[in-house]
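Student: Keeping the supplied structure of chain L fixed, place chain C upon it in accordance with the hints.
Each chain is listed here by its residues.
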Amino acid sequence: MNNSLIEIKNVSLLRNEKSILENISFKIEKSKALNLYGLNGSGKTSLLKIIIGMTEPTSGFIENVSGDEDLFKKIIYIGHKYGIKGNLTVEENLSYALTDNFEDSQLIIKEALETYKMTKHRGMLTKNLSHGQQKKVSLMKTLITNSLLWVIDEPYSALDDESINIFNSATKKYLEKGGSLIMTSHKEIKESFFTTENYKIYS
Amino acid sequence: MPIVYLLIIIIFFNISISYVAKDIMLELLPLMIWISCLLICILNLETIFKEDYDDGTLEMFLINNDGVEFGILIKILSHWLLSNLPIVIVAPLIAMILGLDVATTLTLFLTLLIGTPTMSLIGSIAAALTISLRKNKILVSIIVLPLYVPILIFGTSAVNNSFFKINYSAELTLMSFLFFIFLLITPLACSKALKISLD
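Here the protein sequences line up with chains L and C, keeping their order.
If you're matching positions, the first sequence starts at 512 in my numbering and goes up one per residue.
If you're matching positions, the second sequence starts at 977 in my numbering and goes up one per residue.
Chain L on its own, in the form it takes in the complex (with noise of 0.2 Å):
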């Protein structure tokens, strides 16, 4: 049984002529969390990017070695952008959202809404919402759909300590069901409700 999703092989990235990234190459596992940490400006971002097949990279690949063909379809992204609209109600980001037909997909987002304690805005435009509201409701998208991978740019900007915790209990159940997670951070995360494995990225 192999345990790994994707296997990054010395992916290097030029822009301008300044080199960005150079020679990475790491695993992403199964059911296990990947902490990209590092300076700013020392291409964090850009991984995601390549990661996720927005970027090319001018140098190495990025291979599915998970043994499902549509993998790449079943990874969230959520980066610096939160990807809802501003004129569409909570609920209605969260609709959207789902990909697949569930039957229960009331439910589904009843319960992401309560697990993020925003029952009482479901009702509010996204843009009426603050900064680190509309994060959550890009975060909670995550709890909506299946997929097999999130990939999340800087999960922690913006967010109070109170969510901080609740994304960290939501991503540990997310791990133990089998799912993985990679993001970004400023810092490495030394203790934590789940396992985190720390990559340290140099510019």
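Worth flagging that the hints you see were computed from the coordinates, not collected in a lab.
This list has only true hints and no planted wrong ones.
Cut-off 20 Å, straight-line C-alpha distance, at most; resulting in silico cross-link-like pairs (SDA-like, lysine to any residue):
#	chain 1	residue 1	chain 2	residue 2
1	L	711	L	573
2	L	592	C	1175
3	C	1051	L	607
4	L	631	L	618
5	L	520	L	565
6	L	585	C	1047
7	L	592	C	1026
8	L	592	C	1108
9	C	1026	L	598
10	C	1168	L	566
11	L	592	C	1028
12	C	1051	L	598
13	L	621	L	599
14	L	592	C	1033
15	L	585	C	1032
16	L	592	C	1030
17	L	596	C	1033
18	L	631	L	603
Tutor: Frame of chain L; chain C shown alone:
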């Protein structure tokens, strides 16, 4: 909004050419309406993908890339329905009010009906290419203008021929030909262009 622009242009045009003989005015009228429709179509081309790009939905849409091309076509269709279809309906009515004969009005309607979707399709490629620039409006117009010339030539010539009771089926055929070519090319070109500009 597009209809308001059209009305403004037509009112100004009629004021400015009120010194011209009526038959010459009638000859110019359909052509003028065609040009103003073309200009109005350029006005908000860059908004096709802009909002999705700004709030990040475009990224997510492209990552799980199942049927991106189809989604792009729907996007263009909705843009056309909102910003061009009103003109296609209203412009012939205005032409009738101003005294254009029925046959020419019908040709005007037909050519606009074929021409404006083609313009939306071409424009969406330009919009996709320039989406990562903050002020892409000027660039979109510059890219798009030379590509609109054939449509303008065929459209106005069809209307003109119809006014003088000459056969204009060749122009209509060529216009529909252009439309179908771009219907095939645009989704592919757009998805590639969007991926490049999100890079």
